[in-house]
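Visitor: Sequence:
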Amino acid sequence: ALPISGVEHDATEARTMHADVQRSVYSWDVHSGLRKTARNQKRIQLSEVMHAILRRHMGRLAYFQGFHEIALVFLEVGTPSQAFHMVERLALFYLSDQLCLPFDRGLTPLLGVLWCLLELLDAPLARALAESDCTELHFAVPWVLTWFAHSLPRLHQQVMRITDCLLAGHPSTVLYFSAALLMQHRDVLLKQPRELPEMVCAIQSLPLAELDADNWASHTRRLMRRLPPEELLAHLPLEYWRALPVTSPVL
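Everything in the sequence shown is counted per my numbering, starting at 21 for the first residue and increasing by one.
For the record, the hints were derived by calculation from the structure and aren't laboratory data. One or more hints might be untrue.
Label-pair distances were calculated between CB atoms; the ranges are [stated by the list, open to error]:
{"no.": "1", "residue 1": "H190", "residue 2": "T57", "range": "36 to 44 Å"}
{"no.": "2", "residue 1": "T267", "residue 2": "P227", "range": "44 to 52 Å"}
{"no.": "3", "residue 1": "A58", "residue 2": "E215", "range": "38 to 46 Å"}
{"no.": "4", "residue 1": "T57", "residue 2": "A150", "range": "47 to 55 Å"}
{"no.": "5", "residue 1": "A58", "residue 2": "L258", "range": "50 to 58 Å"}
{"no.": "6", "residue 1": "L216", "residue 2": "L253", "range": "23 to 31 Å"}
{"no.": "7", "residue 1": "P269", "residue 2": "L216", "range": "24 to 32 Å"}
{"no.": "8", "residue 1": "P122", "residue 2": "A150", "range": "23 to 31 Å"}
{"no.": "9", "residue 1": "T99", "residue 2": "E151", "range": "33 to 41 Å"}
{"no.": "10", "residue 1": "L271", "residue 2": "P122", "range": "14 to 22 Å"}
{"no.": "11", "residue 1": "T36", "residue 2": "P265", "range": "17 to 25 Å"}
From the three backbone atoms N, C-alpha and C, an ideal C-beta is built for every residue, glycine too.
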């Protein structure tokens with residue numbers, strides 16, 4: 021039997037997941053004008069897929085806010101059964117840092133790798149972020165957590181295109197997409213006052229709805245050729261290496 025603390029944790033997780041599901045199926049262009057019955061049906065399927073995965077791997081995987089947005093992408097391209105199998109593999113082989121560990125041990129080290137990547141690819145831009153006290157890259161949390169599903173408004177032309185690239189690439193590819201996004205708007209960011217609120221506001225105001233996913237993907241591919249993941253890992257300072265979980269897919 022679960023100890024009381026375990027029962028309370030499960031109840032809190034279930035409430036969080038339910039609240040996230042109830043706010044979902046509104047994010048993308050394809051959800052505009054969706055009938056209430058269709059929206060509710062999609063939410064039921066989303067909840068069932070996630071609960072089935074987490075139950076199957078109870079004690080290993082734990083829900084994080086944003087997981088529902090990635091899972092919904094797969095529900096938009098397949099049946100609930102197909103989505104279950106696809107999202108389960110994604111959870112085990114790509115998202116284990118986020119699903120197996122608290123954010124300070126799973127997500128935060130990934131943001132550290134992203135920071136190192138930025139320093140190596142665009143030192144002036146990294147310096148501008150550092151001067152603005154943005155080295156922790158909190159603004160990139162939804163990008164990395166949800167594979168940009170939370171941030172992009174167009175499902176087929178953007179979200180699915182980027183998801184295809186991330187599935188076909190190294191587990192660190194989402195970090196390269198994040199770096200490419202910042203570098204594509206470096207001129208705007210370099211003009212910002214070196215103050216945290218102004219810099220974060222500028223980044224959060226980037227015109228993501230206008231992004232051409234194919235151009236973005238091409239830029240990301242060039243960056244990965246310029247600095248392949250294995251070279252990025254070789255350049256990581258020791259403290260960033262030690263912070264990464266030994267089971268991280270990035271390694």
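Visitor: So, for every hint listed, does it hold in this structure?
Guide: Verification of the supplied hints:
With their beta carbons about 41 Å apart, H190 and T57 fall inside the hinted range of 36 to 44 Å. In this structure the hint that T267 and P227 lie 44 to 52 Å apart at CB is violated, the actual value being about 37 Å. At about 45 Å, the CB distance of A58 to E215 agrees with the hint of 38 to 46 Å. In this structure the supplied range 47 to 55 Å holds for T57 paired with A150, their Cβ-Cβ distance being about 50 Å.
A hinted range of 50 to 58 Å holds for the C-beta pair A58 and L258, which are about 52 Å apart. Between L216 and L253 the beta carbons are some 29 Å apart, a value that agrees with the proposed interval 23 to 31 Å. The beta-carbon spacing between P269 and L216, approximately 31 Å, falls within the hinted interval of 24 to 32 Å. Look at P122 against A150: about 26 Å separates their beta carbons, and that is inside 23 to 31 Å.
Checking the proposed 33 to 41 Å range against T99 and E151 shows it is violated: the Cβ atoms sit about 50 Å from each other. About 19 Å separates the C-beta atoms of L271 and P122, a value consistent with the hinted range of 14 to 22 Å. Range check, T36 to P265: about 23 Å between beta-carbon atoms, so the 17 to 25 Å window is met.
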